[in-house]
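A.B. asks: These protein sequence lines are chains A and B, in that order. The numbering of the first sequence is this note's numbering, which starts it at 1 and goes up by one. The numbering of the second sequence is this note's numbering, which starts it at 338 and goes up by one.
In case anyone wonders, no lab produced these hints; they're calculated from the structure. One or more of the hints may lead you astray.
[Said to hold, decoys possible] In silico lysine to any residue, SDA-like type, Cα no more than 20 Å apart, as pairs: (1) A/189 with A/234; (2) A/17 with B/534; (3) B/534 with B/551; (4) A/315 with B/539; (5) A/315 with B/419; (6) A/82 with B/382; (7) A/26 with B/553; (8) A/56 with A/10; (9) A/270 with A/135; (10) A/315 with B/478; (11) A/17 with B/365; (12) A/82 with B/378; (13) A/26 with B/408; (14) B/539 with B/503; (15) A/82 with A/10; (16) A/17 with B/539; (17) A/51 with A/315; (18) A/315 with B/477; (19) A/17 with A/79; (20) A/315 with B/545; (21) A/17 with B/551; (22) B/468 with A/336; (23) A/17 with B/382.
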Amino acid sequence: MINSIYQLVSPHVFSVKYQQIDNDEKVIVRPEYMAICHADQRYYRGLRNPKDLAKKLPMALIHECAGTVIKDNSGTYSPGQKVVLIPNVPGDKLDGIYENYAPNSAFLSSGKDGFMRELVAINKDRVVAYENILPSTAAITEFVSVAVHSVSRLEKTSHTYRNDFVVFGDGSLSFVVTIVLKSVFPHAKITVVGMNPKKLDLFGFADYTYLANELPEEYCCDHAFECCGGEGSQSAISDIIAHIRPQGTIMLMGVSENPVPVFTRMVLEKGLTLIGSSRSGRADFEKAISLMTDKRIQTRLSSIIQEDDPVRSVKDIHRAFETDLTTPFKTVFRWCV
Amino acid sequence: MIFGAILAGGVGSRMKIADRPKQFLPLGEKPILIHTLEKFLLCTRFDKVYIGVHEKWVLHAKDIVKKHITDCDRVEIVEGGKDRNSTIMNIVNAIEQAYGENPDNIIVTHDAVRPFVSIRIIEENIDAAIKYGACDTVVAATDTIVRSDDGNLITEIPERRLMYQGQTPQSFNMSLLKKTYNDLTTEQKSILTDACKICVVKNVPVSLVNGDIANMKITTIEDYRVAEAMAGGDKRD
Numbered sequence: 001m002i003n004s005i006y007q008l009v010s011p012h013v014f015s016v017k018y019q020q021i022d023n024d025e026k027v028i029v030r031p032e033y034m035a036i037c038h039a040d041q042r043y044y045r046g047l048r049n050p051k052d053l054a055k056k057l058p059m060a061l062i063h064e065c066a067g068t069v070i071k072d073n074s075g076t077y078s079p080g081q082k083v084v085l086i087p088n089v090p091g092d093k094l095d096g097i098y099e100n101y102a103p104n105s106a107f108l109s110s111g112k113d114g115f116m117r118e119l120v121a122i123n124k125d126r127v128v129a130y131e132n133i134l135p136s137t138a139a140i141t142e143f144v145s146v147a148v149h150s151v152s153r154l155e156k157t158s159h160t161y162r163n164d165f166v167v168f169g170d171g172s173l174s175f176v177v178t179i180v181l182k183s184v185f186p187h188a189k190i191t192v193v194g195m196n197p198k199k200l201d202l203f204g205f206a207d208y209t210y211l212a213n214e215l216p217e218e219y220c221c222d223h224a225f226e227c228c229g230g231e232g233s234q235s236a237i238s239d240i241i242a243h244i245r246p247q248g249t250i251m252l253m254g255v256s257e258n259p260v261p262v263f264t265r266m267v268l269e270k271g272l273t274l275i276g277s278s279r280s281g282r283a284d285f286e287k288a289i290s291l292m293t294d295k296r297i298q299t300r301l302s303s304i305i306q307e308d309d310p311v312r313s314v315k316d317i318h319r320a321f322e323t324d325l326t327t328p329f330k331t332v333f334r335w336c337v
Numbered sequence: 338m339i340f341g342a343i344l345a346g347g348v349g350s351r352m353k354i355a356d357r358p359k360q361f362l363p364l365g366e367k368p369i370l371i372h373t374l375e376k377f378l379l380c381t382r383f384d385k386v387y388i389g390v391h392e393k394w395v396l397h398a399k400d401i402v403k404k405h406i407t408d409c410d411r412v413e414i415v416e417g418g419k420d421r422n423s424t425i426m427n428i429v430n431a432i433e434q435a436y437g438e439n440p441d442n443i444i445v446t447h448d449a450v451r452p453f454v455s456i457r458i459i460e461e462n463i464d465a466a467i468k469y470g471a472c473d474t475v476v477a478a479t480d481t482i483v484r485s486d487d488g489n490l491i492t493e494i495p496e497r498r499l500m501y502q503g504q505t506p507q508s509f510n511m512s513l514l515k516k517t518y519n520d521l522t523t524e525q526k527s528i529l530t531d532a533c534k535i536c537v538v539k540n541v542p543v544s545l546v547n548g549d550i551a552n553m554k555i556t557t558i559e560d561y562r563v564a565e566a567m568a569g570g571d572k573r574d
């Protein structure tokens, strides 16, 4: 059949590509809800460096998507079944290496077409079924799975003193990391440090919240999550190094466009572990879905989800990206093209 | 119930390169008709999709459906009539013979040679037909429309912002369509160029659904070349 793919050809310019999909071994999914990620916004606005843009475009954006199965010849999924899609394409299988870091792995919406398509033909191991979750919430499963991945890695690698965690950042990523931490370590104290008092107000379920310049000098944590990225990375990492106890683990999750100086003298002196954590794999998606079936977690997530009007045309895609710029958290929209 | 009706009754080809009606020409690896049918079958709201085909081509149509379509239980092929609207009525009759008459039945009629129809357009047709009883898929006219009654001099240049170009699908409450068609005189029937006009000449309101320039009708060799170029996108996943 002929599929329509909505590709970004240059910043702010979309073009529809038509492509035949005739693979009987793949699951055919109709995207239903999508969420915009900062990475999509950076492509859309042309904020990536020109070399990357030239290499990666034209390309369909969006890697956060919930859909409905239309057809699956393998019989694993039935027509009408609700699913979320995994944008990570596993590379070489190596023991001890996660699928999202494996050599030759790829990512849909970073060099390969993302989910802005009329239909998605995808391998069945890249599909995870869900039920009892609103599709508009299920749309951000990938985002939640990234937090799940990071917390899982910390569980596997850090020392076992896990009484105090700090999350730096007051955006959507910090929000879901805090939710996942609360769920995995229910007895630990979680502190969130941010820059914007209004955004910090939403973290009512964290044990403590502080503005970065008001964090008490004597504050100490066992482990930390850096969820700032960009220009905020340096001060966040610096503050974390100052407040973390010896041999703590710092999960780096914020994306920086430029190199960030790190005070390695203190990293050495405290014997710290810095772990880069990005993206996620199937196991993380399954755990994210399992967490998200909890109604309380759904309710919390709903406070960072802003649903825009449905997208029926290229004009609507522009509108959704513009809306996203005006909202502090996650923009989701129904995909009706 | 909701039914698709793909109109593939034509026998001629204006393409000169073809030995068969254009809906059977290949586009990529499959006939145009199959691409169109596949898009309809993806819409789970259709209980059945009917194809109206000229009697000479019914067997061929059955063969290619069997070859390319796995869930062919949802497909029925019926003989077309002498023109577009009689083909639609043949399909309506076949549906009512199989399932009986129901005042809520919806029929979504579509040209076989518009394989770039989108799921969005099909879904919006079904919704509009349920809500309004009849709908037409259109795109805003980009060229100025010039009317000439004698083919020699301009009679009128209508205001372009009020002009649309008709595409398909055209969708209807089936009972409404049948009753309106049967109320037409033979003369009225003879001037019909499409199904929506059945309603328009009888003052039955027809709502508009936004079409898409890409939902082109493959009629000429130039269209066919464009369609081939459009469908030949490189794979990137």
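A.B. asks: Check the hint pairing residue 82 of chain A with residue 10 of chain A against an upper bound of 20 Å on the C-alpha distance.
C.D. replies: violated (33 Å)
A.B. asks: Measure nothing beyond the straight line between the CA atoms of residue 315 of chain A and residue 478 of chain B; if it is 20 Å or shorter, mark the hint as holding.
C.D. replies: Roughly 18 Å separates the two Cα atoms, so the pair holds.
A.B. asks: Could you grab the alpha-carbon distance between residue 315 of chain A and residue 419 of chain B and see if it respects the 20 Å cut-off?
C.D. replies: violated (41 Å)
A.B. asks: Hey, residue 17 of chain A versus residue 551 of chain B, does the alpha-carbon distance stay inside 20 Å?
C.D. replies: holds (10 Å)
A.B. asks: Checking one constraint from the list: CA of residue 539 of chain B to CA of residue 503 of chain B, max 20 Å. Satisfied?
C.D. replies: holds (18 Å)
A.B. asks: So if I understand the rule, the pair passes when the alpha-carbon distance is 20 Å or less; does residue 468 of chain B with residue 336 of chain A pass?
C.D. replies: holds (18 Å)
A.B. asks: Between residue 56 of chain A and residue 10 of chain A, does the CA-CA distance stay at or below 20 Å?
C.D. replies: holds (10 Å)
A.B. asks: Are the Cα atoms of residue 17 of chain A and residue 382 of chain B separated by 20 Å or less?
C.D. replies: Roughly 26 Å separates the two Cα atoms, so the pair is violated.
A.B. asks: What's the verdict on residue 82 of chain A and residue 378 of chain B, does the C-alpha distance respect the 20 Å limit or exceed it?
C.D. replies: Judged against 20 Å, a Cα distance of about 19 Å means the pair holds.
A.B. asks: Under the criterion that the straight-line Cα-Cα distance not exceed 20 Å, is the pair residue 270 of chain A, residue 135 of chain A satisfied?
C.D. replies: Not satisfied, since the Cα-Cα distance of roughly 45 Å exceeds 20 Å.
A.B. asks: Would the pair residue 26 of chain A and residue 553 of chain B pass a check requiring their Cα atoms to be no farther apart than 20 Å?
C.D. replies: violated (28 Å)
A.B. asks: Is residue 17 of chain A within 20 Å of residue 79 of chain A, Cα to Cα?
C.D. replies: Violated. Residue 17 of chain A to residue 79 of chain A sits at ~26 Å, over the 20 Å cutoff.
The structure fails hints 1, 2, 3, 4, 5, 7, 9, 15, 16, 17, 19 and 23 (numbered hints given earlier, in ascending order).
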